[in-house]
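J.: Residues per chain, in single letters:
Number of protein chains: 6
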Amino acid sequence: MTDDVTRHDGRAPDQLREVRITRNWLDHAEGSVLVEFGKTRVLVAASFTAGVPRWLSGQGTGWVTAEYEMLPRATNTRSARESRKGKVGGRTHEISRLIGRSLRAIIDTKALGENTIVLDCDVLQADGGTRTASITGAYVALADAVADARERGLIAAKAQPLTGSIAAVSVGIVKGTPVLDLDYPEDSTAETDMNVVMTGAGGFVEVQGTAEGAPFDRAELDRLLALAEKGIGDLTALQQAALDAPARERSR
Amino acid sequence: MTDDVTRHDGRAPDQLREVRITRNWLDHAEGSVLVEFGKTRVLVAASFTAGVPRWLSGQGTGWVTAEYEMLPRATNTRSARESRKGKVGGRTHEISRLIGRSLRAIIDTKALGENTIVLDCDVLQADGGTRTASITGAYVALADAVADARERGLIAAKAQPLTGSIAAVSVGIVKGTPVLDLDYPEDSTAETDMNVVMTGAGGFVEVQGTAEGAPFDRAELDRLLALAEKGIGDLTALQQAALDAPARERSR
Amino acid sequence: MTDDVTRHDGRAPDQLREVRITRNWLDHAEGSVLVEFGKTRVLVAASFTAGVPRWLSGQGTGWVTAEYEMLPRATNTRSARESRKGKVGGRTHEISRLIGRSLRAIIDTKALGENTIVLDCDVLQADGGTRTASITGAYVALADAVADARERGLIAAKAQPLTGSIAAVSVGIVKGTPVLDLDYPEDSTAETDMNVVMTGAGGFVEVQGTAEGAPFDRAELDRLLALAEKGIGDLTALQQAALDAPARERSR
Amino acid sequence: MTDDVTRHDGRAPDQLREVRITRNWLDHAEGSVLVEFGKTRVLVAASFTAGVPRWLSGQGTGWVTAEYEMLPRATNTRSARESRKGKVGGRTHEISRLIGRSLRAIIDTKALGENTIVLDCDVLQADGGTRTASITGAYVALADAVADARERGLIAAKAQPLTGSIAAVSVGIVKGTPVLDLDYPEDSTAETDMNVVMTGAGGFVEVQGTAEGAPFDRAELDRLLALAEKGIGDLTALQQAALDAPARERSR
Amino acid sequence: MTDDVTRHDGRAPDQLREVRITRNWLDHAEGSVLVEFGKTRVLVAASFTAGVPRWLSGQGTGWVTAEYEMLPRATNTRSARESRKGKVGGRTHEISRLIGRSLRAIIDTKALGENTIVLDCDVLQADGGTRTASITGAYVALADAVADARERGLIAAKAQPLTGSIAAVSVGIVKGTPVLDLDYPEDSTAETDMNVVMTGAGGFVEVQGTAEGAPFDRAELDRLLALAEKGIGDLTALQQAALDAPARERSR
Amino acid sequence: MTDDVTRHDGRAPDQLREVRITRNWLDHAEGSVLVEFGKTRVLVAASFTAGVPRWLSGQGTGWVTAEYEMLPRATNTRSARESRKGKVGGRTHEISRLIGRSLRAIIDTKALGENTIVLDCDVLQADGGTRTASITGAYVALADAVADARERGLIAAKAQPLTGSIAAVSVGIVKGTPVLDLDYPEDSTAETDMNVVMTGAGGFVEVQGTAEGAPFDRAELDRLLALAEKGIGDLTALQQAALDAPARERSR
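Protein chains in written order, with the UniProt record's numbering: chain A, 1 to 252; chain B, 1 to 252; chain C, 1 to 252; chain D, 1 to 252; chain E, 1 to 252; chain F, 1 to 252.
Just chain A, same shape as in the assembly:
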């Protein structure tokens, strides 16, 4: 195993793709972000509504959930729409659940009050890392939706529903080398593939590693976790920069 090989797109092993976070890409949504990890492009819309699902009702707590879906031609060959097939696939469900769970890790549902925020993550173009881009972008859209709710008096002026920031990145072993933020060509040939979700403060929220080929050992696992910690640090800085910059005015 050696780290000094060149990646097919020339990146260093611990280098993210170019990441762009465009806030307020939509005019109607309370928060929205077009997030790009290289050619992967996800449109995230945060919708704030009063009230919570029935099973949570009357407990004084809010709810944050997510729905992920790919447009049929996000990928290299067209896939059938899940709406036409009449059912949502296992992968779609799995990623939707992961995104929702990740965001709830930095939400104080009491501070949110009995309100719901839905994060719709629609993949316009896929080139690997759609779930990690979704989580990373969704945090920014969520932060904007919370700020919007505070401005409009829908939650208390002093309420702090966000307890921190959250980001996600993939790491994997490609041709024997641990690398950060795999694109599709890397992802489809990786021996091991891991998605890591962490808070901006450095705590682990989700670790999902899968041996695609041979099983991996503890040493490999440790190197992947270190790469992920590095990548999350970079993404956290990018999220913060996006939130600090003035956003496009929405015309509602």
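Calculated from the structure, these hints are not laboratory results. Where is the CB? At the ideal position from N, CA and C, for every residue including glycine. Accuracy of the hints is not assured; some may be wrong.
Unchecked claim - With a cut-off of at most 20 angstroms between alpha-carbon atoms, the simulated DMTMM-like pairs for lysine to aspartate or glutamate come out as follows:
1. B:K85 x A:E94
2. F:K158 x F:D148
3. A:K110 x F:D148
4. D:K175 x D:D222
5. C:K110 x B:D9
6. F:K87 x D:E82
7. A:K87 x F:E191
8. A:K230 x A:D14
9. F:K175 x F:E191
10. A:K230 x A:E36
11. F:K110 x F:E151
12. B:K230 x C:D222
13. B:K85 x A:D14
14. E:K110 x D:E212
15. A:K87 x F:E82
16. C:K85 x B:E82
17. E:K87 x D:E212
18. B:K87 x F:E82
19. E:K110 x E:E151
20. B:K85 x C:E82
21. B:K175 x B:D9
22. B:K39 x B:E18
23. D:K85 x C:E94
24. E:K85 x F:E82
25. C:K158 x C:E114
26. B:K39 x A:E249
27. C:K85 x E:E82
28. E:K87 x D:E94
29. E:K85 x D:E94
30. D:K85 x E:E151
31. D:K85 x F:E82
32. F:K158 x F:D108
33. B:K87 x C:E82
34. A:K87 x C:E82
Claimed, not checked - Some chain B residues flagged as far from chain C (calculated, every beta-carbon gap over 10 angstroms):
35. D27
36. A50
37. L162
38. D234
Following the hints, complete the assembly by docking chains B, C, D, E and F onto the known chain A.
T.: Okay, now just chains B, C, D, E and F, sitting in the frame of chain A:
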């Protein structure tokens, strides 16, 4: 009835919204367009594949079809995803069928050979006229997909599957005045609403008029058709300009 | 283009097929009609129920809607049942929506009170014009259901929920000739096909024209509209005659 | 228990309702019958097609099956359509299976060759006994479809796919009295309800008895079976009379 | 026809397979039974919950219902899961309805109060007679659930929701001989197949006989009913013995 | 954080629940296991069939997949059946995919030939750890199915489709203490929950950790991984012992 009233956004009665057609917005699709009619924003992807549906097989003719869908937060309040509801709604079906039928009006399926082109029209943001923007943009994506197929030798170099151009626009009577290209505030208060699909050469392909309030008479119908003819002329010029301009290079 | 050709069944270009409207064909329904346009045979049942859908509740207004469906062997070859396929097809949705919209054009929903009338239009046999026969017959069933509700005191004795009558007819260009009320052999070879819904007073409610082959021009459109106006006049007279005649007694 | 009570419609305990069998009610179907048991009205269409379901393919045997469904306003209050609910209910499945099984009891599938006949039984109006009317009418439609196939040379001129006739009737104990052919008011108050399917030659094909209230004993069971045998005899004669009479010419 | 032939497993014509009833096979369910008829093995769970379906609400009566399903590899070759197919098959519906109806025959719903008991009958292994084993086992699970509810004070201490016991058995004509409790090899070759549900007191609740080959006559029907009466007597004794024995303690 | 607290059931932090693996619990399936982790009870059936899914066809490789589902009353309160809801839930999909992926990690699909083995994992009773028990038991059922196929000559006598063994276990932090093999009371209060799938040779195949409450740090992650390695060792020994013991004879 008077024509000199000002519209809520200051447009003249026979004036389109600002129309933008961005080609090759996607990297994978054989043709793709981000088409904007004011705040209405539709992503169209044209997917070219060899072969045709079974019921057409062996007849030496191609097939062009379309699927239309709205992202959940395209609209002012979030709608449930059709994939989660497990069924496609009537409006979605109806518009998908309209788009497909309109495009087939300018396709010579024999010249296409036994190939299929699917036009996916996903509404990223809706502000009235999503079906007319979809048809107008889909023509450009279709033209790019046909050119791409010719370049790659998937259809004969001399084949001319496109027999003309096609565009669509809405017209309606708003507060007694016939107007062109209604946005959502106009559309939701119109007494009469009509969608017109025409070829660039000026032939009618679809005329769908509905009295939302009182029935309309022949004189009103005639004025609406004249407005539509004007609008289609403008859109045809914009389509041509977009196709004449150099497009962003796709990185496949 | 010439009008003096004979149609395959000997009709004049502006002649309807034999139309029969049999009231109270069912014993349970508040209004019911077996409507026949030649061999096309549609059973319409009007069901009156107290209450409205949730989204209309509490506004003091009623609701009229329709569901259209074809029996599997209405057509020349058997089609699979939509209930077995587990989903309703696009065409079925589209026609159901058209029928409902057409009937609401002559309904004063305030005068109806918070009551719902559902028009079930089941095609027992299809030979072209099933949607126009459905609308034409549904008006008569609706009128009977309204009269029944008034007799039973379910709506006020002076309430006039019907603001007029409504009928529908198809027109089209077949072998170069504009003709009225196309049967299936004509419909399947028409170059242009148009469905027109009008009030008995002569106002347009829906105009849906489609070029099946070459696009059509304004002159052709004008001739088709004139034919439709003639046909609607004939159908309005037939509806009135049916309503003036004594109906079969229902045995509830 | 006493037999001399009068039934609510004046019938004797062992008397059928008025039964009408109208052949060739449809123009397209290979066989069709409008069968009426009093106010119960079922439209049966027999569709003959070459070929068999995949699991039967290549064995030289044919297939006969049935689909039963009720129109939404067949009953006293409107029911939701199964196509809209997206699934077929248990009762609908159960009756469809019963009809198919009953007809197969008098079919020699070898003599039918690799052909399929589907019997669509659509209940236009329901007043008890819809499944027994369906089976009784379906036999006549099936006989016509077989004759039609023989005439058109689709099966061998000497082939005898029908090995006998089949009919069905309900019997039950109403207010302590065993009665034949229950209408809806009787059916909904019966203590015991039994459907019996028999061949014209007097053999039992299906016996389905259910205690709705108290369990029934052997003596009651015996009286019900005797009533059913009487009723099947009457129905067999009516079927034969219908088949012996000249049928309306179909205009295909 | 002769009775002295040996059955393939050596049983006498009127002999049940080895029947085992294991109570409290589950720890969570209010009542549960693993019931075995030879190699047929059904797990029955009785779930007691406060409240009734909406359509029964407020009438002071309870509800008992059942759901039957087979594990995919219960049978000799694997079947697709109904959950994956997205719909419940006709046979599954039919048997679920039969089990529910049978149990309600011995339930006094007034004495049950506004409570619901659901009997889940999951076939772990199938070798003929899965529906009769389900009913027979479900009675025992139901009795345990009722006792449990009484102990926990969920129904009145003196309430007697059970008005008797219920059991079911199959009978059929195999190679000309009427036999009791058919296993799969017998069932798949039987000329006639009948399922009989009876109370412990000897009353008939359901009789469902089907001619699989030639129709059957009254004499055969009488012999089958006599065999069923014998078998139900045996099963009633086995149910009683199981309920009299001490059951395994549940660890909730 | 301290390790010397007692767990609610008295186990040491690194102690498994009582694990039982009963082979050949079913008679029809090529391999079957009733696997118990304490009160968690999963029935695994391995079905071997010739052929592979279409997308794999003709490549000379086999396929191993899994379907997981819970019986409605496996849990403390009854859940609705997924078959009745008409769709498979996200959690069910996710676990099914995990089981299939885990087993494929120790399968040489070339050695399997063009054959498919489906592992059905049906949870009869749930008390935490249903996915880990499923994987652990499925390995044993898979090994039996492979042996059976070799005996019956369905795969080559020398083929070695199994490249190792596989097992799974959960670890988590409960009240500050890292513990092994959580039961339901522990699982529902755990701060962090992790499922680990490893080969018998000690390689990692899947690591899925989730912070349910506060994020976890690297030190905690390391302690959890060590616990998992210990547990997998114990389970591997139990699997081996089960496979070494003579199994109950199946009566097919």
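J.: Hint by hint, which ones does this structure get wrong, listed from lowest number up?
T.: Violated hints: 3, 5, 7, 13, 17 and 30; rest satisfied.
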